[in-house]
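Novice: If you read the sequences in order, they're chains S and H.
The numbers in the first sequence follow this note's numbering, run straight up by one, and end at 338.
The numbers in the second sequence follow this note's numbering, run straight up by one, and end at 338.
By construction, these hints were calculated from the structure, which means they are not laboratory data.
Because identical chains share one entry, a pair is satisfied inside a single copy or across any pair of copies.
Taking lysine to any residue pairs in the SDA-like style, the calculated list, with each CA pair at most 25 Å apart, reads: (1) K198 <-> Q148; (2) K261 <-> P160; (3) K75 <-> A2; (4) K70 <-> M1; (5) K302 <-> G181; (6) K303 <-> I256.
There are 2 protein chains.
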Amino acid sequence: MAEKKLGAQTVKFKNPPSIIAGGTIVGPKEGEGPLRDYFDMILIDDTYGEKSWEKAESKMFQDAVNLALKKANLKISDIDYLLGGDLLNQIISANFAARQLNVPHFGLYGACSTMTEGLTLGAMLIDGGYADYVIAATSSHFSTAERQFRYPLEQGIQRPFTSQWTVTGAGATILASTGEGPYITHATTGKVVDLGMKDANNMGAAMAPAAADTIITHFKDTGFTIEDYDLIMTGDMGRVGRDILLELLYKEGFDIADKYKDCGIEIFYESQDVHSGGSGAACSAVVLNGWLLSQIRNGVYKKVLFMATGALLSPTSTYQGESIPGIAHAITISTILS
Amino acid sequence: MAEKKLGAQTVKFKNPPSIIAGGTIVGPKEGEGPLRDYFDMILIDDTYGEKSWEKAESKMFQDAVNLALKKANLKISDIDYLLGGDLLNQIISANFAARQLNVPHFGLYGACSTMTEGLTLGAMLIDGGYADYVIAATSSHFSTAERQFRYPLEQGIQRPFTSQWTVTGAGATILASTGEGPYITHATTGKVVDLGMKDANNMGAAMAPAAADTIITHFKDTGFTIEDYDLIMTGDMGRVGRDILLELLYKEGFDIADKYKDCGIEIFYESQDVHSGGSGAACSAVVLNGWLLSQIRNGVYKKVLFMATGALLSPTSTYQGESIPGIAHAITISTILS
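Next up, chain S with everything else stripped away, as it sits in the complex:
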C-alpha cells in the first residue's frame, strides 16, 4: 500500500534521505557570474581539453560526480545507483559518463527538470530500502545545446530578449540513508502541462504553467503554506518565466514573491548579456549543489522548496508544429526532521 503518499502527487519520506555532498563544475562564463565562489571547479576553456563540446560535457558530468564523491569521502563502488540525464539526444553526456564510472545506472530525460527528477527517484530508492548511497547528476553545455536545439554557433544568430542562456556545467548530489542533513522530506512529481506556447525562444513562458501547477499541488497535498518555507526556488524560469509564474500563482491565491528565487536569474549578472537568464539542466544542478547547499549548511535557509523545470520540446516536435510541453518536479529540502 502507498503509505508514504500524500495527496495527489506528493510523497512524504519515512526516513528522509540526507544530502551528504554536492559536486559542481562550470564553464568560464558561469565562473564570471555572481555565484562563482560557490562552484568547485571553473573551466578556463569550455572544450575542457576535449575534441568536441559533447565530449567536454560528458567529462564535466563525470567530474561533477567525482568531485561529489571526494567531498563525501566515498568511492564510486560505494554508490548503489547513478540516476542521471542531460539535454543531448540519447543523453550521451550521462551515458558516456556512466560508462567511465562503472556503476548501476538509470538514464533519465526530464530536460531541465532532470536534477529534481533524479533527486526524487534517488530519495525513493534510499527510503524504499534499495540503496544506501545514490548519486543524482545532470549537465548541460551552451555550445552543445545551441547547435542541437537551435542554430550552428558559427551562424551568429541574434537572440531575442525572451531567450535564455544555456548554462555550461554539471552538478551531482549524493544522497545517503544516514547523515546529518539537510534532508529531502517530501517530493511532488509533476504532470506534463502544455498551454499551447510555441516559441522555442521563450522557454520560460512554456514552463511557467507546469511550474505553477506543481507548486499549487504541493501546497494542497502537504498542507504547507508559503510561511513554512524560507525559500521557494525554481530551476530556470528566467525573468520572463518568473513574471508569468508569479502572476499565475497570485491569481490562485499564492503570493510567493517575497520568498522566491530562480537559479536562472541568480547565476548570471544582468550585464552578462544573457537576456532572460540562464537555463539548461545544469542551471538548477550547479546552483543547488553550489550556492544553495552552502546557504543551507550556513543556516541561511532551513526549509526550501526546490523545483527544477523542464521544457519537453525537440527540434522535430517544433518543426512538426507542436507546442512546448513543460514539467516541474519539486522537493522539500529541510535541515529539521519534523
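Assemble the complex: chain S is given as a structure, and chain H must be docked to it using the hints.
Specialist: Coordinates of chain H only, in the frame set by chain S:
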C-alpha cells in the same frame, strides 16, 4: 538501510508488485509475424492517421497505456506514476503522450532497455510505499528510428545482414501493490558496458557484453541457477547478438542455450527479411506485454528472467568516433512468491 539489496546490483522486493495488465499495439509488419495473435491492436497503416510518423508513435504510446488501463479496469486517475521513454530525441513520443494522459510522469532514457528500466523503477515505487499503481511504457517506430539514427528512408540504403529491424509498436505494463501475479520478485540493474564495438549496423554485438554482464551478476547476486528459470529472455539481441551472448556466457560457465529466447528473434519470421531480427524499445515491450504475459498466465512458464537491452549510441557520438556502450536491466517475473 538498504535492507532489500541483494549482492552488488540486485534488489529483492519485500512485497513483490503484481503485473495486472499489459497493453500492446503494433505496426502492419509486426502484425504479419508469428506473434500476431498476441497483440491487442494491429495498425493497417503505420502513420496511424497522423501527419507524421513521430506523431503516430506518440499516439501508439498513448493507446498502449489506454489499452492496458481498459484491461485492468482502471482509469488514468487511478495511476500514481507513469514511467516511460522512447528512442526519439528528447523522448517526444513518451512526453507528448504523457501530456495527453495527464498523470505524474518520470521520463526515462535507456534506449531499448527502457521497458525493464521502467519496470524496475516502477516496482521499487510500489514496493517502497509510494504508489499503488504505476505504468511502465515504451514505444518505437521503424520509420522514425531509421530517419533519426541512420538514413532518410527515401534513400533506399541497403541494410547489412548484421542490421536489425526496429519494431513499430508500443507496450505498457500496469503494476499494482496487490494482485494475483505474476509478480516482479527481483531486479538486477545494469552498468554501462562498452567493449569498443563501433558498427552502428551491428547493435547485437554492441549489446551482448552488457547483457552477459547483467545475467552473470544476477546469478551471483541471487544465488539462482539456470535451472531455477523456465525461460531467460532478452529484448533485442537478434541472431548476431544471441550467438555472441551465448558464447560469452558459456565461457563464464553459464550454458543457457536450452532456456533462452530473444524477443527480436521471436517477433518476425525469417522470411520477413529483417536480417538479424527485430529491435527497438517496443520490441521487448510488445513481446512481454503480448506473448510472454499470455504464456505465463497460461502456465507455460512459471519463472522468467526478462531483460531488455539497450545500445546507448547517438548519431553525434558515432560521428565523433565513439564506440557503442550497452546496458541491460533484468527482472525476475514469477507466478509464485517464494
